[in-house]
Amino acid sequence: MLNVVTAIQRTPLFGSMFSVDESTGLEEINAWPSLMVMTSFVWLAVAGLFGVLMPITQLLGMQSNLFYTAITAHGAALVFPFLVQLMMGVSLHRAGSCMGKPATGILTKLTYYFMNIGAALLTVAILFGLKISYALMYPLPVVGVQLGQWSMDVVVIGFSGIALILVAVIVLYPLQILKMLFFGDQREDLLLSPRTLNDPGMLGMAMAVFILLVMGSPILIVASAVLLGLYGIVPMEAISWATEPVVFQFAFWIFAHNLMEAMAIMVISAVYGTLPLYLADGTRKLYSDRIANLALWILLVTSVTSFFHHFYTMFPALPSALAYHGNIMSWGTGIGAALTIFTVLATIWKHGLRPAPGIMMVLMGFVLYVLDGVSAIVTSNVAWSFQLHGTMFASGHTMAVLISISMMWMGVFYHHYPVITGRTLNQKLGNWFIKLYMVGAIGAMYAMLAGGAAGMPRRFAAWNQEGWMIYGVFILIFGLILGASLFVFAYDLLKSSDITTIPGEQATAIS
Amino acid sequence: MLDFLYQSAWGAFTIMLFFQIPFLIVFFYIVYRKTRTDSGPSGTDEKRISRIEGLWITLVVALFIAVNAISIKYMPTVSTAQAATSGLDIQNVDVTAQSWSYQISERQFEVGRPVRFSVKSVDTMHGFAVYHPDGRMLFTMMLMPGMEQSSIIHTFTEPGKYKVRCLEYCGIAHHLMQDELIVANSSE
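Keeping their order, the protein sequence lines are chains S and B. Counting along the first sequence from 1, when you hit position 506 you're at 506 in this note's numbering, and nothing is skipped either side. Counting along the second sequence from 1, when you hit position 121 you're at 121 in this note's numbering, and nothing is skipped either side.
Isolated chain S, as found in the complex (with noise of 0.2 Å):
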């Protein structure tokens, strides 16, 4: 735990935003899980860099190669090691501080290390030449090699880092939450904010992670099977079922989609979890925590199947009723968010709400999701989707969901803040972190989303065409608004002070 500690200490410039109090006692469920939130802070950094070259190569028109490599590595770097890794250090804590159980052990060191070693070798692989784009084309890596575009030396490394990254999410990760979850004595001196299954703001935690193993597994076989090919292990013949582009592409689908829709559920979760925390009276209660439970089990019983809605433009190789049974669950999942959009509002109607930056980021970034779920059933019906599919809409979307996980995620973190590190933020700075955040975020989201209205197609380096280069001008300055607002936000961590009163009372008093 030492080694953890010390290590988040000796990182320069981030390892002071991040490092752990050590007077309270709790770094065992702080030390990891502030790991692993400075790591994914890291990898935003290196997201954010890839992102603005995106549509910098475009407006000076640079090579087409280089627009390509940045979209790789920009989706390589934010969705796995920013996200999912921010995702997994704060829910590490969560599940820490609320089942009184230390967030250490094997399982949390392997996460860690598989998901960051592999996140390196893709990037890696990358940067010498894999564009495979923001998602996994298959089986566009192997294609590429025959063509001439990549070697396959980095279609190995490359896969390797995917499939480190796939034990992380699908296995690993998972595991640890459910063992702390359903096994284990509860310790009293890390019990921070003791809560029960029943609890919405827990239940969504161990609905996500079964979401994960169980939707993850398919492409976890594929994968493993497609690696041990590529490693000479077995021979190719022996896995052709494993290379065959629809059984990939099911499988891909059927874990990418669900792996949004678990992150997305997990952290509506934390939504209900926090939320009371914040009410002006006192309450520390939902609305109704039956409604935010039935909220999350509609999300879950539609968004697993709704996956098909990335495959209507197939037709007929996806047969209809599939297409109209996506349809369908993914406007389903409205029903489900509907909701939780009530549960929300009258809470905050009925008990008042004390506006601190943090809960006041969840609930920005929960404005986010919805205007993001919007456009997601939208492109999700299918009549619709022959007009959208494979244009800039849907990266809105893409772009959109990330950004509104990742704020709500930001604002559970910035609430938990003060546990972690024994120190406080600035409410002013955590406002303008707030304001530039949405500014940018919608600007950008909106921008994509008429571009794709427009026509223009995503993954694609060539917007000169049509007049679609007045998206990209709107995107690069919405882009480069919603990075001044992650610099505002490293500021205040960087800036935090100390806590001044006794560190235990006021971890309590927070959580």
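Simulated from the structure, these hints should not be mistaken for lab results. One or more hints might be untrue.
Covered by chain B, per the in silico footprint, the following chain S stretches (three or more residues, Cβ under 8 Å) [said to hold, decoys possible]:
#, segment
1, 60–71
2, 102–108
3, 242–252
4, 353–360
5, 458–471
Glycine included, every Cβ here is placed at the ideal spot set by N, Cα and C.
Let chain S serve as the given structure and place chain B on it in line with the hints.
Okay, now just chain B, sitting in the frame of chain S:
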């Protein structure tokens, strides 16, 4: 009106705003009011909130059903099936996508005559998106190698040069994978 809403991407964008704007107004009104002007507990009784809950969910479900039910008529799968059984003379076109070009068996079409595009990919994932001369996308298809041909029936209603683009990222020259279709009036 319905044709605009359901047959164009801007129509989809409009419907999206139709749902988003009321949400934003209500959300920010409640949050602003309960944090700035009246942050104390509300005196609204439970029964009233419960009634609003019922109304809200009924409204959402009704809107969702209406929007999707109307869309059935506009689903390309449905219109393709209707055209196929209409008895009209359909022009058949075979398209093969391969990095980074298309082999298209016929590039000249007539306004008003249904065209069945039967499309396949022979190497990696590709797209086949047809753009109207004014720049908006008419439809797109995702092509997975190893699968049977995807087919769709479309009837062009205006003459002009229609662009074809690949919308599934397929490698370093993806943006160059384009082609052109010519649509003319039947008398020309």
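Cross-check of the supplied hints:
| no. | hint | result |
| --- | --- | --- |
| 1 | 60–71 | holds (count 3) |
| 2 | 102–108 | violated (count 0) |
| 3 | 242–252 | holds (count 4) |
| 4 | 353–360 | holds (count 3) |
| 5 | 458–471 | holds (count 7) |
In this structure, only the earlier hint numbered 2 is contradicted, and the remaining ones agree with it.
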